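Chemist: Take a look at the letters that make up each chain.
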Amino acid sequence: MAETAAKVKKNRKRNYNNTAYLFVLPFVIVFCIFSVYPVLRTLQLSFTNYKGFGDPEFAGLANYQRVITDKYFWTSLWNTIRIWGVNIVLQLGLAFLLTIVFSDIKYKIRGLAVFRAVYYLPGIISVTSIAFLFKTLLDWRYGTVNQLLAKIGIGVGNPINWWGEPTAASLAISVIQTWMWFGNSFIMLMAGVQGINSDYFEAAAIDGCGRWKRFTKITLPLLKPILLYVTITSLIGGMQMFDLPFLIGTVNGNPSGALQTAIMYLYKFGFALRPKQVGYAAAIAYVLFLLILVVSIIQLKLNNKEE
Amino acid sequence: MKMKKVMALVLASLMTVSLAACGESTDAPTSTDAGTTSTDASTEEASTTDDASTEEAATELSGKLTIWTFTDDLKTAGEYFQELNPNVEVEVVVTATADYPTKLDTGLGAGDSSADIIVGEPQMLEPFFEAGYFEDLDAAPYNAQDYAGQIVDYVWEKGQDADGHQRAISYQITPAGFFYRRDIATEVFGTDDPEEIGKLFSSYDSILGAGETLKAAGYRIFASDGELQYVSGDEAWVVDEALNLTQYRIDYMNLVVQLYQQDLTAYAAQWTAPWYQAMSGPVPILSAETMWGTDDMNVWDAENFNENAANYSDETAEVFAFGLPSWGVLTMRDNVGETSGSWGVCSGPAYGFGGGTYIGISSLSENKELAWEFIKWFCLNEETSDWWIEVSEGDTPSLISALEKHADDENEVYGGQKLFAFWLEQAQGIDLDRVTQYDTAIGDLWGNAITAVKEGTSSKEDAINEFYDQVAATYPNLTIDREKEFVLD
Chain A
1 MAETAAKVKK NRKRNYNNTA YLFVLPFVIV FCIFSVYPVL RTLQLSFTNY KGFGDPEFAG
61 LANYQRVITD KYFWTSLWNT IRIWGVNIVL QLGLAFLLTI VFSDIKYKIR GLAVFRAVYY
121 LPGIISVTSI AFLFKTLLDW RYGTVNQLLA KIGIGVGNPI NWWGEPTAAS LAISVIQTWM
181 WFGNSFIMLM AGVQGINSDY FEAAAIDGCG RWKRFTKITL PLLKPILLYV TITSLIGGMQ
241 MFDLPFLIGT VNGNPSGALQ TAIMYLYKFG FALRPKQVGY AAAIAYVLFL LILVVSIIQL
301 KLNNKEE
Chain B
1 MKMKKVMALV LASLMTVSLA ACGESTDAPT STDAGTTSTD ASTEEASTTD DASTEEAATE
61 LSGKLTIWTF TDDLKTAGEY FQELNPNVEV EVVVTATADY PTKLDTGLGA GDSSADIIVG
121 EPQMLEPFFE AGYFEDLDAA PYNAQDYAGQ IVDYVWEKGQ DADGHQRAIS YQITPAGFFY
181 RRDIATEVFG TDDPEEIGKL FSSYDSILGA GETLKAAGYR IFASDGELQY VSGDEAWVVD
241 EALNLTQYRI DYMNLVVQLY QQDLTAYAAQ WTAPWYQAMS GPVPILSAET MWGTDDMNVW
301 DAENFNENAA NYSDETAEVF AFGLPSWGVL TMRDNVGETS GSWGVCSGPA YGFGGGTYIG
361 ISSLSENKEL AWEFIKWFCL NEETSDWWIE VSEGDTPSLI SALEKHADDE NEVYGGQKLF
421 AFWLEQAQGI DLDRVTQYDT AIGDLWGNAI TAVKEGTSSK EDAINEFYDQ VAATYPNLTI
481 DREKEFVLD
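Protein chains in written order, with this note's numbering: chain A, 1 to 307; chain B, 1 to 489.
No lab work stands behind these hints: they were computed from the structure.
Bear in mind the structure is a predicted one, so any value in this text is a computation, not a measurement.
Please note that a few of the clues may not be correct.
[What the hints assert, rightly or not] Below, a list of computed lysine-lysine pairs in the BS3-like style, where the Cα atoms sit at most 25 Å apart:
hint	chain 1	residue 1	chain 2	residue 2
1	B	Lys199	B	Lys215
2	A	Lys71	B	Lys484
3	B	Lys64	B	Lys103
4	B	Lys418	B	Lys454
5	B	Lys103	A	Lys71
6	A	Lys108	A	Lys213
7	A	Lys106	A	Lys213
8	A	Lys135	A	Lys301
9	A	Lys51	B	Lys215
[As the list claims (entries may be wrong)] Covered, in the sense of this in silico footprint (three residues per stretch, anywhere, with C-beta under 8 Å from a C-beta of chain A), are these stretches of chain B:
hint	region
10	99-107
11	427-441
12	470-476
[Stated by the list, open to error] To list a few chain B residues with every Cβ distance to chain A over 10 Å, as calculated:
hint	residue
13	Glu126
14	Asp192
15	Ala302
For glycine and all other residues, C-beta sits at the position ideal for the given N, C-alpha and C.
Can you build the whole structure from these sequences, using the hints too?
Modeler: Below you can see the structure in the form of structure tokens.
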């Protein structure tokens with residue numbers, strides 16, 4: 001009797017296990033088709049001179065060699081890093097400033113939830129709308145921004161050509177990205193600060209510790225993991241920057257190619273150029289992947305070492 | 001337990017279906033495959049329909065015809081075709097020109113058989129043919145070569161693939177010419193005869209000379225410095241997998257730089273308000289700094305431009321000529337205003353053409369017979385060409401018999417000049433070997449080089465070297481002779 005009971009129990013357990021696999025299966029299939037297959041297929045294509053049709057012809061490491069020696073690829077990578085670099089400094093700076101203001105026990109600002117939502121809003125607007133909005137706002141002849149600047153005496157008669165000057169255009173993209181994503185960083189940092197035990201701050205205050213010291217000695221060190229997370233995700237997103245510069249500078253990243261990011265360069269070879277060079281585009285994708293991977297690992301290692 | 005089996009079966013079949021779909025995409029039809037399979041499929045039916053004359057077939061046509069295009073021309077034609085054949089349902093899908101190649105690559109590449117008619121511009125065709133998207137029209141039941149000689153040569157040949165198989169046909173020709181003002185010609189050069197004025201446009205040197213003469217007389221030869229783009233090269237950009245930068249291209253660069261730097265144009269960029277206005281009378285002469293507008297003058301908005309241009313220009317002048325393909329007739333018609341009747345058209349320093357839509361049958365179409373009927377009706381039928389001339393208000397058809405029929409049609413805008421005869425003559429001089437699939441990208445890079453020189457941001461040597469670098473990075477398969485010497489000035 002006891003034996004059969006045990007058997008039934010065992011059977012049921014095995015059944016449950018199998019059912020679990022069944023539930024996971026749909027995800028695994030979708031994941032394989034839409035993630036694993038494209039990733040492997042891209043890798044395979046990067047060793048061919050595939051033109052987008054016909055049979056891919058094996059080309060060995062030629063595409064990779066070409067990426068490494070292609071100075072325009074490195075220019076596009078530098079454009080990406082420049083735009084991202086200015087953006088991340090502004091984005092984190094602004095987010096930090098807001099975190100300090102909102103987390104200060106003295107100010108006790110109310111309505112945090114409302115502010116948080118408002119700051120986050122730009123991130124959920126479609127990039128197409130944002131590109132259109134800023135193309136209009138920053139138009140050098142009729143743009144609101146130049147008209148306001150003229151009111152305070154800047155650029156009268158010689159307005160800043162935001163989308164025509166390489167430096168101004170990259171700066172504008174950086175600032176727009178900041179505007180889009182500072183709310184996101186702010187939410188993360190704020191959550192981090194709220195997770196810090198308030199005893200530390202109280203103790204420090206009692207010991208006569210100033211605001212700046214509290215920030216550098218308590219908030220900053222304890223926020224480090226979150227900061228790292230924000231920076232790495234931003235780096236990965238930033239290296240993949242495409243939509244905004246593409247919509248504003250078209251595929252060539254005008255003015256003078258200053259807005260051509262690495263992914264736009266990839267897009268040019270994979271989609272825009274005739275005849276297409278899908279193999280080369282795939283190799284660019286893998287070089288970028290490796291670069292991001294290496295940078296992320298270095299960043300993680302450095303952080304672990306300090307801890 | 002039963003449920004599990006069903007689930008497993010469903011999921012497994014799902015997986016097979018999706019894998020099969022993926023597999024198909026890698027086997028996108030290559031040119032030879034597509035050719036043979038389609039002929040096999042259609043030879044059986046050939047005997048039944050081949051004998052039927054076009055007219056008879058036209059009355060019996062039925063089914064659904066799907067057209068993937070980037071121009072509204074085919075929408076107009078599709079609607080009329082449906083009107084003539086009540087049993088045919090025509091669906092026209094219009095995609096932006098820039099996105100069209102991607103639409104074909106992804107659609108046909110993945111085996112989508114919904115399109116029956118597909119199209120292409122001259123520089124798009126080569127890769128499309130190579131990919132096997134276009135049905136071989138030389139095969140039965142189409143036998144396109146039966147119609148050889150009915151269409152203007154260059155258009156007919158442009159529709160052939162590397163092996164000489166007809167894969168697409170165009171309903172229009174687009175040779176380039178120069179549209180000039182007869183009244184100004186008579187005043188400055190003492191004649192308005194297209195032959196004589198053609199001599200002024202016969203070389204870059206004579207164009208520059210004419211530009212100087214016209215400026216001295218208070219006119220400007222062109223509104224913009226882009227009027228020579230359709231005659232900017234005498235040879236192909238790529239010959240035998242090698243970049244072919246010729247002295248002619250360098251001369252073109254010099255001419256554009258001189259037109260720009262010596263103030264020989266009105267600095268009215270193509271397609272801006274002053275450019276259009278220059279077709280109907282005097283325009284304010286802008287400068288290199290103001291040609292794209294200022295903070296209170298919008299060159300793209302006629303009203304705004306007229307209100308504010310006076311602040312940026314202290315002289316007005318009339319413009320002598322515009323360089324445009326035959327479809328420029330339509331642009332001129334809408335903009336000449338009171339100068340109508342005082343225009344003429346003459347040939348330029350080289351034969352050139354701009355654009356043109358070529359139509360063919362998708363090799364995956366399930367309705368090829370109907371698609372072929374449509375192509376025959378639109379491209380090879382004189383009545384349709386008559387209709388097209390009328391409905392497009394002056395487009396130039398490619399059917400020789402239609403062009404000959406209308407050869408004596410006088411165009412009032414051009415003082416009664418016989419334009420169809422002129423375009424036919426121009427089209428016969430076009431050398432197709434000049435068009436390659438690399439043209440768009442290399443032409444853009446060369447345009448950047450010219451802009452850098454004319455705006456003074458780069459010397460000619462530097463601009464040419466940068467051009468070489470960019471071509472090398474874009475097309476590493478091309479050999480580039482950097483040692484080739486040119487006369488730069």
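Chemist: The structure should be examined with respect to each hint, and the outcome stated for every one.
Modeler: Okay, the hints, checked on the actual structure:
no. : hint                  : verdict
1   : Lys199/B <-> Lys215/B : 18 Å, holds
2   : Lys71/A <-> Lys484/B  : 23 Å, holds
3   : Lys64/B <-> Lys103/B  : 20 Å, holds
4   : Lys418/B <-> Lys454/B : 38 Å, violated
5   : Lys103/B <-> Lys71/A  : 31 Å, violated
6   : Lys108/A <-> Lys213/A : 19 Å, holds
7   : Lys106/A <-> Lys213/A : 16 Å, holds
8   : Lys135/A <-> Lys301/A : 41 Å, violated
9   : Lys51/A <-> Lys215/B  : 50 Å, violated
10  : 99-107                : holds (count 3)
11  : 427-441               : holds (count 4)
12  : 470-476               : holds (count 4)
13  : Glu126                : 8 Å, violated
14  : Asp192                : 40 Å, holds
15  : Ala302                : 15 Å, holds
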